[in-house]
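Participant: Here is how the chains run, residue by residue.
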Amino acid sequence: MKVYKYGANVDTDVIIPARYLNAPDPASLASHCMEDIDPDFASTVEEGDIIVAGPNFGCGSSREHAPLAIQSSGVKCVIAPSFARIFYRNAINIGFPIMECAEAAEEIGLEDKLTVDFKTGAIVNETRRKSYQSAPFPEFINEIVQEGGLLNSLKKRGLGK
Amino acid sequence: MGMTMTQKILAKAAGLDQVEAGQLVESKLDLVLGNDITTPVAITEFEKAGFTQVFDRDRIAIVLDHYTPCKDIKSAQLCMQARNFAQTHQITHFYDVGQMGVEHALIPEKGLAAPGEVIIGADSHTCTYGALGAFSTGVGSTDMAAGMATGLAWFKVPSAIKVVLTGTLRSHVSGKDVILHLIGTIGVDGALYQSLEFTGEGVSSLTMDDRFTISNMAIEAGAKNGIFPVDERTMEYINGRVSRSCEAFEADTDAVYDREVVIDLATLEPTVSMPHLPSNTKAIGEVEGLPIDQVVIGSCTNGRIQDLRIAADLMKGKKVAGNIRCIVIPATQEITLQAMKEGLVEIFLEAGAAVSTPTCGPCLGGHMGVMAEGERAVSTTNRNFVGRMGHVDSEIILASPAVAAASAIAGCVADPRSLSCHIKE
Numbered sequence: 051m052k053v054y055k056y057g058a059n060v061d062t063d064v065i066i067p068a069r070y071l072n073a074p075d076p077a078s079l080a081s082h083c084m085e086d087i088d089p090d091f092a093s094t095v096e097e098g099d100i101i102v103a104g105p106n107f108g109c110g111s112s113r114e115h116a117p118l119a120i121q122s123s124g125v126k127c128v129i130a131p132s133f134a135r136i137f138y139r140n141a142i143n144i145g146f147p148i149m150e151c152a153e154a155a156e157e158i159g160l161e162d163k164l165t166v167d168f169k170t171g172a173i174v175n176e177t178r179r180k181s182y183q184s185a186p187f188p189e190f191i192n193e194i195v196q197e198g199g200l201l202n203s204l205k206k207r208g209l210g211k
Numbered sequence: 002m003g004m005t006m007t008q009k010i011l012a013k014a015a016g017l018d019q020v021e022a023g024q025l026v027e028s029k030l031d032l033v034l035g036n037d038i039t040t041p042v043a044i045t046e047f048e049k050a051g052f053t054q055v056f057d058r059d060r061i062a063i064v065l066d067h068y069t070p071c072k073d074i075k076s077a078q079l080c081m082q083a084r085n086f087a088q089t090h091q092i093t094h095f096y097d098v099g100q101m102g103v104e105h106a107l108i109p110e111k112g113l114a115a116p117g118e119v120i121i122g123a124d125s126h127t128c129t130y131g132a133l134g135a136f137s138t139g140v141g142s143t144d145m146a147a148g149m150a151t152g153l154a155w156f157k158v159p160s161a162i163k164v165v166l167t168g169t170l171r172s173h174v175s176g177k178d179v180i181l182h183l184i185g186t187i188g189v190d191g192a193l194y195q196s197l198e199f200t201g202e203g204v205s206s207l208t209m210d211d212r213f214t215i216s217n218m219a220i221e222a223g224a225k226n227g228i229f230p231v232d233e234r235t236m237e238y239i240n241g242r243v244s245r246s247c248e249a250f251e252a253d254t255d256a257v258y259d260r261e262v263v264i265d266l267a268t269l270e271p272t273v274s275m276p277h278l279p280s281n282t283k284a285i286g287e288v289e290g291l292p293i294d295q296v297v298i299g300s301c302t303n304g305r306i307q308d309l310r311i312a313a314d315l316m317k318g319k320k321v322a323g324n325i326r327c328i329v330i331p332a333t334q335e336i337t338l339q340a341m342k343e344g345l346v347e348i349f350l351e352a353g354a355a356v357s358t359p360t361c362g363p364c365l366g367g368h369m370g371v372m373a374e375g376e377r378a379v380s381t382t383n384r385n386f387v388g389r390m391g392h393v394d395s396e397i398i399l400a401s402p403a404v405a406a407a408s409a410i411a412g413c414v415a416d417p418r419s420l421s422c423h424i425k426e
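Chains as they are written, first to last, in my numbering: chain Y, 51 to 211; chain A, 2 to 426.
Incorrect hints may appear among the rest.
[Stated by the list, open to error] Short, incomplete list of chain Y residues facing chain A, as computed with Cβ under 7 Å:
{"#": "1", "residue": "Asn-59"}
{"#": "2", "residue": "Asp-61"}
{"#": "3", "residue": "Pro-67"}
{"#": "4", "residue": "Asn-106"}
{"#": "5", "residue": "Asn-143"}
{"#": "6", "residue": "Leu-201"}
{"#": "7", "residue": "Gly-210"}
[As the list claims (entries may be wrong)] Derived SDA-like pairs (lysine to any residue); straight-line CA-CA distance at most 25 Å:
{"#": "8", "chain 1": "Y", "residue 1": "Lys-169", "chain 2": "Y", "residue 2": "Tyr-182"}
{"#": "9", "chain 1": "Y", "residue 1": "Lys-211", "chain 2": "A", "residue 2": "Lys-29"}
{"#": "10", "chain 1": "A", "residue 1": "Lys-29", "chain 2": "A", "residue 2": "Asp-59"}
{"#": "11", "chain 1": "A", "residue 1": "Lys-75", "chain 2": "Y", "residue 2": "Pro-76"}
{"#": "12", "chain 1": "A", "residue 1": "Lys-111", "chain 2": "A", "residue 2": "Val-204"}
{"#": "13", "chain 1": "Y", "residue 1": "Lys-55", "chain 2": "Y", "residue 2": "Lys-206"}
{"#": "14", "chain 1": "A", "residue 1": "Lys-163", "chain 2": "A", "residue 2": "Tyr-258"}
{"#": "15", "chain 1": "A", "residue 1": "Lys-72", "chain 2": "Y", "residue 2": "Ala-73"}
{"#": "16", "chain 1": "A", "residue 1": "Lys-283", "chain 2": "A", "residue 2": "Gly-375"}
{"#": "17", "chain 1": "Y", "residue 1": "Lys-55", "chain 2": "A", "residue 2": "Gly-168"}
{"#": "18", "chain 1": "A", "residue 1": "Lys-317", "chain 2": "A", "residue 2": "Arg-418"}
{"#": "19", "chain 1": "Y", "residue 1": "Lys-169", "chain 2": "A", "residue 2": "Val-26"}
{"#": "20", "chain 1": "Y", "residue 1": "Lys-169", "chain 2": "A", "residue 2": "Asp-59"}
{"#": "21", "chain 1": "A", "residue 1": "Lys-49", "chain 2": "Y", "residue 2": "Pro-186"}
{"#": "22", "chain 1": "A", "residue 1": "Lys-163", "chain 2": "A", "residue 2": "Arg-234"}
{"#": "23", "chain 1": "A", "residue 1": "Lys-320", "chain 2": "A", "residue 2": "Leu-338"}
{"#": "24", "chain 1": "Y", "residue 1": "Lys-211", "chain 2": "A", "residue 2": "Gln-91"}
{"#": "25", "chain 1": "Y", "residue 1": "Lys-205", "chain 2": "A", "residue 2": "Val-26"}
Don't read these hints as lab results, they were simulated from the structure. Don't be surprised by glycine CBs; every beta carbon is placed ideally from N, CA and C.
Generate coordinates for the entire structure from the input sequences, incorporating the hints supplied.
Facilitator: Here it is in structure tokens:
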């Protein structure tokens, strides 16, 4: 796995520029992911890589295309001190793991190997032999993520026709 | 413990007497909104999950406003998907080219948002309807799909920042300057996961169009919503637009706030946000004379009739500077008609500005004003992120309609109070 590291206020316009929103299929979104902030991202990212970023990750537009583009790129999760609220709920709703942890976000380096456990919120930096604890999700949200997203969980509850 | 205005609205919609910040609730929705970019993704998810019926065809609004009139074949396909869905499910409030407007100007105009209601929209600027005393917030496409299927959404009850407004605005200063000043003060994540609750004696002097602009950009401070108290101006606005019963909520006197910010409206200057964050604010005097290439007057933030009146007042009998492309976009058909009746469109055309049919177009770098490498715009839109209006090396300065109009005439960033400017090298 590799780490991609970005600064504060990474907005959804750089995660997936609006000029690509007319083709919302996951593969197309992934091919332009992070293009305006990191033109090499789409060609170098591999399954299981992790994005580590500064506060307010995913600010701006409500486009669910943003977490979808990252998820479709094969990224395993995003670790940041905080997430913009719409990105936060979009990630949960599509079953894409995000982890809030300021200390980990600051200390993790590009060369570090990480293991993460979404159930417990544990982040382990294998390279530096250091463990972090991210803010755990409430039970309600954990259920949504574990069901693979909001719609599956609503279906399971027998809501909607 | 007392509740904020937002907390009281959410509690009622969740069927609870009391809620507190941080609590997760599931609330009934009065309206579920989507546009031509987010609705197709919602439809795909809705159908993939096996839903076949919407919860209430009268409580869903679909507005094709972002890439319309369609800019290319892919956009046309997305609009067709939304159009077919609206037809299949007999969606009452479906707005296509000819009826549509920029959604957050259109929804209040059509009476689809009212005090005390709970509204979600798959568009981040859905927070606009807080101006009417509604709880409204931006969500993603999956939330829209869930809302369309069940009429429900989950929320983490927000804590709040109390924004106390005092005094009255001076000439050539408007709602845009208020919200840019606030974002500059608290930062782009200054209200993350929180409500902005506007209050104070200064509120009554703000027009509805000022309030729509202020609530619209609450998201640019990271806020979940930005809400105003309901007063005579609110009731005057909804009178004739909203016929259903609605409820005006007030914050409890002992409501708890995380923080209080006081803004004396009388001290505000025309304010702009420099690239590439809305919080990068400057008083106009600090950046006057900066060369620009394009001016955009429009969007869900500033495409309403008051905005056009302010711009036309400054542009009347004058010409857009030779080096400037000025694009004026009335936000809805009704606003366009009104602007024509008042002679505003004539003023813009005679000044050498382009006047467009309603569209979000240039605000998100979609079409109708995309910028080239190295170009700079003064724009009444809401975001100045890297690449937002086109090339990754173009720049956006966010401003009020007054600053934008003055800049179009001057040919550089200009102060509407003086309208004299020398381009700085």
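Participant: For every hint, state whether the structure bears it out.
Facilitator: Quick rundown of the hints versus the structure:
no. : hint                  : result
1   : Asn-59                : holds (6 Å)
2   : Asp-61                : holds (5 Å)
3   : Pro-67                : holds (6 Å)
4   : Asn-106               : holds (4 Å)
5   : Asn-143               : holds (4 Å)
6   : Leu-201               : holds (4 Å)
7   : Gly-210               : holds (3 Å)
8   : Y/Lys-169 - Y/Tyr-182 : holds (14 Å)
9   : Y/Lys-211 - A/Lys-29  : holds (16 Å)
10  : A/Lys-29 - A/Asp-59   : holds (14 Å)
11  : A/Lys-75 - Y/Pro-76   : holds (15 Å)
12  : A/Lys-111 - A/Val-204 : holds (24 Å)
13  : Y/Lys-55 - Y/Lys-206  : violated (37 Å)
14  : A/Lys-163 - A/Tyr-258 : holds (6 Å)
15  : A/Lys-72 - Y/Ala-73   : holds (13 Å)
16  : A/Lys-283 - A/Gly-375 : holds (21 Å)
17  : Y/Lys-55 - A/Gly-168  : violated (45 Å)
18  : A/Lys-317 - A/Arg-418 : holds (15 Å)
19  : Y/Lys-169 - A/Val-26  : holds (22 Å)
20  : Y/Lys-169 - A/Asp-59  : violated (40 Å)
21  : A/Lys-49 - Y/Pro-186  : violated (29 Å)
22  : A/Lys-163 - A/Arg-234 : holds (21 Å)
23  : A/Lys-320 - A/Leu-338 : holds (23 Å)
24  : Y/Lys-211 - A/Gln-91  : holds (16 Å)
25  : Y/Lys-205 - A/Val-26  : holds (18 Å)
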